[in-house]
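From just these sequences and the hints, can you work out the full model?
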Amino acid sequence: MTSHRTSPLLFALAVAAGGALTLSLAGCTGIEQALSQEVTTEYTDAADVAARADTTVPWLPADATGIVVKTKRDGEVATALARSGSPLDTATCVEMERQSAPTVHIDDAPDVYAKDRVFACGAWSVIATADGWYGWTPNSPGEKEKSPAAS
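The opening residue of the sequence shown carries number 1 in this note's numbering; numbering runs sequentially from there.
FYI, nobody ran anything at the bench for these hints, they're computed from the structure.
Any given hint could be a false lead.
Heads up, simulated PhoX-like pairs for lysine-lysine below, C-alpha to C-alpha not over 25 Å straight-line [said to hold, decoys possible]: (1) K72 x K115; (2) K144 x K72; (3) K115 x K146.
Computed beta-carbon distance windows for the label pairs [to be verified]: (4) P148 x A51: 21 to 27 Å; (5) A150 x D107: 27 to 33 Å; (6) Q99 x R52: 28 to 34 Å; (7) R52 x R117: 29 to 35 Å; (8) Q37 x D108: 19 to 25 Å; (9) M96 x E42: 26 to 32 Å; (10) K115 x P141: 17 to 23 Å; (11) D108 x S86: 17 to 23 Å; (12) D54 x M96: 26 to 32 Å; (13) P148 x V39: 26 to 32 Å; (14) G142 x A47: 28 to 34 Å; (15) E42 x A150: 27 to 33 Å.
Note that the structure is a prediction, hence the values are computed from the model and not measured.
Cβ atoms here follow ideal geometry from the backbone N, Cα and C, with glycine treated the same way.
Take a look at the structure:
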């Protein structure tokens, strides 16, 4: 005669294995972040970026808030998205035909390919968003050369 009872030992092993699986799946986010080649950081305002960010974002207007900066781990490639009601500084930025696009992307950022023109702000190119600005670095040499900040 065959018994259909589950052994308490088998039941305990199954529960333990299920718990370990749950723990290992929960750890995937941490592992993914540790292995990612990109880092996303949020800042409250432009002063917070200046104080804490490894990447300088010199074109940010002083009233910028809700800033998200995403960088490659090497720090050479970055994007920034900010809310601001102010124009960009014309002593730093000049409007011109877009020649570049970001290589790291921020969720909710506008489609840069929908824009023919950018503001060249030194090594950054910047486009207007519905409520602020979206910029990326590096831009093309042609954009950087035309920027007043490059002089």
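Cross-check of the supplied hints:
no., hint, in the structure
1, K72 x K115, "24 Å, holds"
2, K144 x K72, "20 Å, holds"
3, K115 x K146, "18 Å, holds"
4, P148 x A51: 21 to 27 Å, "26 Å, holds"
5, A150 x D107: 27 to 33 Å, "30 Å, holds"
6, Q99 x R52: 28 to 34 Å, "31 Å, holds"
7, R52 x R117: 29 to 35 Å, "31 Å, holds"
8, Q37 x D108: 19 to 25 Å, "21 Å, holds"
9, M96 x E42: 26 to 32 Å, "30 Å, holds"
10, K115 x P141: 17 to 23 Å, "19 Å, holds"
11, D108 x S86: 17 to 23 Å, "20 Å, holds"
12, D54 x M96: 26 to 32 Å, "28 Å, holds"
13, P148 x V39: 26 to 32 Å, "30 Å, holds"
14, G142 x A47: 28 to 34 Å, "32 Å, holds"
15, E42 x A150: 27 to 33 Å, "29 Å, holds"
Checked against the numbered hints above, the structure breaks none of them.
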